[in-house]
Amino acid sequence: MHRDSRMSEIERLYQSSYNRFLNVARGIVGNADAARDAVQDGFAGAIRARGSFRGDGPIEAWVWRSVVNAALKQRRPRLVEVGAPAGESPAPDEVIGLAPLVASLPERQRLVVFLRYYADLDYRAIAETLEIEVGTVSATLASAHRSIRRSLSEVKADA
Amino acid sequence: MLDVEPVIKGELEHLAGGAEPAGDWADVLARAGARRRPGRGRALLLLAAAIAALVVAAIAVAASFGGFQSWLSGEPGKPASPNQQAAFERVTRSWHGFPHATQLRELVTADVRGVHYELDGFRGAGSLCLRFVATGSASTAQLACAPLADLRAARAPGLVLQADEAIGKSASTVTEGPMTLPRPVAAVTFGVLADGVQRVAITHRRPAATQVFVAGDAFVAITPGLSPFNVTTKIVASAGKASAAIPFVPSGAPLSAPVSVALPKPTGPIAVQRKVTGGAIRWFARREQRGTAVPASLQSVLGTGKGVAFARLITPDPSQPERMIVSIRPAGSAYFGGRLRNDRQVCSELVGGRYQATGCWPAGRMFSTAPFTSGLEVQRGGQVDVVSGLASDDVATMKLFPAIGGPRPIALHDNGYYVAATLEDLPIRIVAYDHAGRVVGDKVFTGSLPPPHSFPSPAAGARWTKVLANKWGSVYTAPSTDGGLCVAFTMDGGTSDGCDAKVVPGVLSLMLGSDTRYSWVAGQVPANVRRLRVHLRNGRVVEFGPIHRYVLYRFDHSTLVDHGYRIIRADGLDAGGRTIIVQRYGR
Numbered sequence: 001m002h003r004d005s006r007m008s009e010i011e012r013l014y015q016s017s018y019n020r021f022l023n024v025a026r027g028i029v030g031n032a033d034a035a036r037d038a039v040q041d042g043f044a045g046a047i048r049a050r051g052s053f054r055g056d057g058p059i060e061a062w063v064w065r066s067v068v069n070a071a072l073k074q075r076r077p078r079l080v081e082v083g084a085p086a087g088e089s090p091a092p093d094e095v096i097g098l099a100p101l102v103a104s105l106p107e108r109q110r111l112v113v114f115l116r117y118y119a120d121l122d123y124r125a126i127a128e129t130l131e132i133e134v135g136t137v138s139a140t141l142a143s144a145h146r147s148i149r150r151s152l153s154e155v156k157a158d159a
Numbered sequence: 001m002l003d004v005e006p007v008i009k010g011e012l013e014h015l016a017g018g019a020e021p022a023g024d025w026a027d028v029l030a031r032a033g034a035r036r037r038p039g040r041g042r043a044l045l046l047l048a049a050a051i052a053a054l055v056v057a058a059i060a061v062a063a064s065f066g067g068f069q070s071w072l073s074g075e076p077g078k079p080a081s082p083n084q085q086a087a088f089e090r091v092t093r094s095w096h097g098f099p100h101a102t103q104l105r106e107l108v109t110a111d112v113r114g115v116h117y118e119l120d121g122f123r124g125a126g127s128l129c130l131r132f133v134a135t136g137s138a139s140t141a142q143l144a145c146a147p148l149a150d151l152r153a154a155r156a157p158g159l160v161l162q163a164d165e166a167i168g169k170s171a172s173t174v175t176e177g178p179m180t181l182p183r184p185v186a187a188v189t190f191g192v193l194a195d196g197v198q199r200v201a202i203t204h205r206r207p208a209a210t211q212v213f214v215a216g217d218a219f220v221a222i223t224p225g226l227s228p229f230n231v232t233t234k235i236v237a238s239a240g241k242a243s244a245a246i247p248f249v250p251s252g253a254p255l256s257a258p259v260s261v262a263l264p265k266p267t268g269p270i271a272v273q274r275k276v277t278g279g280a281i282r283w284f285a286r287r288e289q290r291g292t293a294v295p296a297s298l299q300s301v302l303g304t305g306k307g308v309a310f311a312r313l314i315t316p317d318p319s320q321p322e323r324m325i326v327s328i329r330p331a332g333s334a335y336f337g338g339r340l341r342n343d344r345q346v347c348s349e350l351v352g353g354r355y356q357a358t359g360c361w362p363a364g365r366m367f368s369t370a371p372f373t374s375g376l377e378v379q380r381g382g383q384v385d386v387v388s389g390l391a392s393d394d395v396a397t398m399k400l401f402p403a404i405g406g407p408r409p410i411a412l413h414d415n416g417y418y419v420a421a422t423l424e425d426l427p428i429r430i431v432a433y434d435h436a437g438r439v440v441g442d443k444v445f446t447g448s449l450p451p452p453h454s455f456p457s458p459a460a461g462a463r464w465t466k467v468l469a470n471k472w473g474s475v476y477t478a479p480s481t482d483g484g485l486c487v488a489f490t491m492d493g494g495t496s497d498g499c500d501a502k503v504v505p506g507v508l509s510l511m512l513g514s515d516t517r518y519s520w521v522a523g524q525v526p527a528n529v530r531r532l533r534v535h536l537r538n539g540r541v542v543e544f545g546p547i548h549r550y551v552l553y554r555f556d557h558s559t560l561v562d563h564g565y566r567i568i569r570a571d572g573l574d575a576g577g578r579t580i581i582v583q584r585y586g587r
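Chains A and B are the protein sequences, given in the same order.
Residues in the first sequence are numbered consecutively from 1, following our numbering.
Residues in the second sequence are numbered consecutively from 1, following our numbering.
Check each hint, because a few of them may be wrong.
What the hints assert, rightly or not - Derived DSBU-like pairs (lysine-lysine); straight-line CA-CA distance at most 30 Å:
1. B:K234 to B:K265
2. A:K73 to B:K78
3. B:K241 to B:K78
4. B:K275 to B:K169
5. B:K275 to A:K73
6. B:K78 to B:K234
7. B:K78 to B:K275
8. A:K73 to B:K443
9. B:K234 to A:K73
10. B:K169 to B:K466
11. B:K275 to B:K265
12. B:K265 to B:K443
13. B:K399 to B:K443
14. A:K73 to B:K399
15. B:K234 to B:K169
As the list claims (entries may be wrong) - From the structure, some residues in chain B lie toward chain A, with a derived Cβ separation under 7 Å:
16. G23
17. W25
18. V28
19. R31
20. A87
21. E89
22. G268
23. I270
FYI, nobody ran anything at the bench for these hints, they're computed from the structure.
We treat Cβ as the ideally placed atom computed from N, Cα and C, and that holds for glycine.
Turn these sequences into a full structure, and let the hints guide you.
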């Protein structure tokens with residue numbers, strides 16, 4: 001494929017799926033401003049490197065990889081756990097939700113959860129994005145489910 | 001059992017926030033340095049203009065300062081003293097193939113506040129090296145080398161090999177906010193200069209009295225008692241009325257933002273022409289006795305040697321003094337995104353010469369993503385990076401594409417390779433070719449420089465303010481580079497600091513930590529949080545109040561059981577005792 005037709009494809013992806021990219025980036029970096037920045041950087045990186053795309057997989061997964069990497073680069077150190085969205089002091093029942101549970105998952109599990117449920121990618125696309133085996137995606141997602149299930153059960157028991 | 005999939009989907013959709021209008025594509029293009037489908041002619045014109053600008057800049061530097069002929073083919077300075085020559089020969093005696101007749105040249109000598117400084121230099125094996133020695137009330141001896149090719153292509157009138165090396169410890173200390181550090185006797189910066197450079201001026205982040213000595217086409221800048229919180233920010237060379245900055249990698253200072261340096265785009269081919277995966281090093285797999293056995297003098301590199309399955313000493317480049325120890329050994333506690341099932345790692349260690357570099361990779365999948373492995377190691381002085389590693393049998397040749405000066409071949413023998421690069425070279429691209437000359441892999445390195453979008457850090461020159469002090473310690477804050485807040489706390493003489501992104505209302509911005517004696521909670525809470533309730537893993541619950549929105553609380557392990565000291569949850573309570581924020585932490 002010609003470099004400029006790749007550019008068109010990347011632009012189409014940007015226009016059609018911006019919010020999916022933004023949601024995943026927000027999940028990784030923790031706030032909306034940094035997430036917007038990561039999406040812009042991720043797409044810019046994909047454009048710069050489009051000549052190196054070998055066409056042996058979907059370009060979408062390749063762009064996802066660029067955005068995820070940009071978000072990971074931008075993420076701050078996890079000294080602080082964020083438990084609620086900005087600008088609110090919600091009632092405790094609302095706060096004991098999924099965000100802190102997902103935030104406490106190991107990094108790979110978190111990435112797989114974001115890509116599965118925010119980005120709506122299938123296992124193969126997640127594997128392409130994170131450069132891991134499809135089987136690893138499946139196992140990682142199962143582990144994440146187990147952890148979340150356990151934590152949710154504990155929350156229910158606490159209540 | 002809970003069916004978590006719909007729960008996760010629903011919750012994440014809820015948390016995702018409303019849809020935003022599509023982002024700014026023009027901004028993406030600007031960040032990519034791309035224009036919307038530029039015409040080929042225009043792109044070529046732009047490229048030609050950029051090249052012309054570089055050539056003009058290089059010619060201007062050469063015209064004003066001369067080249068580096070003295071270093072490339074002449075004899076800078078004067079012969080070193082017999083004592084220094086003898087010390088130099090002792091150091092280089094073990095260097096394989098290094099010409100023993102190499103003469104050390106004395107470049108700069110200086111005496112400042114009871115310390116005698118001497119900078120000597122030599123050229124050999126394709127590199128220039130500076131040997132720096134301090135004796136007297138503080139002492140040190142070190143060697144710093146860089147590829148000679150960098151001087152041939154240099155755009156700047158100098159090459160820095162060491163920035164802000166702290167020499168000795170004085171009796172006094174320096175305190176900046178939460179941190180107290182010993183003040184060095186002096187901080188030293190040195191490098192080589194183009195033939196025509198007459199003066200060098202040094203600027204620090206905060207003013208500091210510096211003496212700069214220029215002689216023998218080299219310079220040494222000595223700043224007695226430089227605060228460890230202060231660093232060199234600019235080095236300028238002058239000749240007559242002309243002056244030009246010498247680029248260098250600034251040293252990091254505690255409690256300061258890492259300094260980023262703008263780099264050009266990497267050069268070289270970016271398209272892989274043949275995809276190879278799952279490569280191997282057959283002689284290694286067959287345990288062939290290539291190279292030589294690892295001599296006793298280098299056995300310490302292999303640690304205790306326990307469990308080492310195979311180790312050989314190879315020569316990646318016969319024209320260079322460095323050797324490489326390659327080994328298969330237990331992975332131990334090494335973590336490669338997971339523990340290794342076979343508990344084996346393959347390591348390469350560069351030894352016996354000017355450069356040091358180490359890398360280890362999981363055995364069995366070291367070539368799973370590229371046909372060569374690579375580890376980057378910053379050399380002492382912070383100005384030279386060495387990339388080294390092993391290439392699979394699929395790789396026939398390798399090339400280095402630096403930012404300046406065109407591609408350079410990389411020696412590759414017995415699958416080992418290494419390459420040294422300075423800031424002038426960065427970013428570098430290392431390209432691997434197969435026997436048909438097709439590109440089979442490439443990697444770009446930007447050295448030790450932090451990425452342009454770094455973590456928030458204390459803003460440049462930020463002053464730390466003490467916001468809380470109690471029986472356990474103190475909490476300090478400083479503005480961060482992203483407009484947020486950095487929080488540091490001191491306890492038992494130790495300091496811990498972290499910078500959050502911009503302060504978020506409705507969130508407990510807490511740092512949690514523990515060592516063998518204590519666990520602690522420190523940080524900031526929103527104004528409406530009047531009490532903090534902390535839940536430990538063992539069921540214990542502790543409540544305490546913030547002071548001016550800051551908290552610092554310490555748990556003594558001796559009063560707790562097992563790992564029960566781990567903090568698993570923190571609640572923020574309002575003035576009426578109602579829980580308004582709940583945050584959970586990993587169990």
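Hints, one by one, checked against the model:
1. B:K234 to B:K265: Holds: K234 of chain B and K265 of chain B sit about 23 Å apart, inside 30 Å.
2. A:K73 to B:K78: Since the Cα atoms of K73 of chain A and K78 of chain B sit roughly 49 Å apart, the hinted pair is violated (cutoff 30 Å).
3. B:K241 to B:K78: 28 Å, holds
4. B:K275 to B:K169: 54 Å, violated
5. B:K275 to A:K73: OK: K275 of chain B and K73 of chain A at ~27 Å, within 30 Å.
6. B:K78 to B:K234: 29 Å, holds
7. B:K78 to B:K275: Not OK: K78 of chain B and K275 of chain B at ~53 Å, beyond 30 Å, violated.
8. A:K73 to B:K443: 18 Å, holds
9. B:K234 to A:K73: 27 Å, holds
10. B:K169 to B:K466: 27 Å, holds
11. B:K275 to B:K265: Given pair K275 of chain B, K265 of chain B holds - Cα atoms ~24 Å apart, limit 30 Å.
12. B:K265 to B:K443: Distance of about 13 Å is within 30 Å: holds.
13. B:K399 to B:K443: Within the cut-off at roughly 11 Å; holds.
14. A:K73 to B:K399: With Cα atoms ~28 Å apart, K73 of chain A and K399 of chain B stay inside 30 Å; holds.
15. B:K234 to B:K169: 25 Å, holds
16. G23: With a closest approach of 5 Å, the G23 of chain B hint holds.
17. W25: With Cβ-Cβ at 6 Å, under 7 Å, it holds.
18. V28: 5 Å, holds
19. R31: For R31 of chain B, the interface hint holds, since the closest Cβ of chain A sits about 4 Å away, which is under 7 Å.
20. A87: Nearest chain A Cβ about 44 Å off; hint violated.
21. E89: 47 Å, violated
22. G268: At about 11 Å, which exceeds the 7 Å cut-off, the nearest Cβ of chain A leaves the hint on G268 of chain B violated.
23. I270: 5 Å, holds
The structure fails hints 2, 4, 7, 20, 21 and 22 (numbered hints given earlier, in ascending order).
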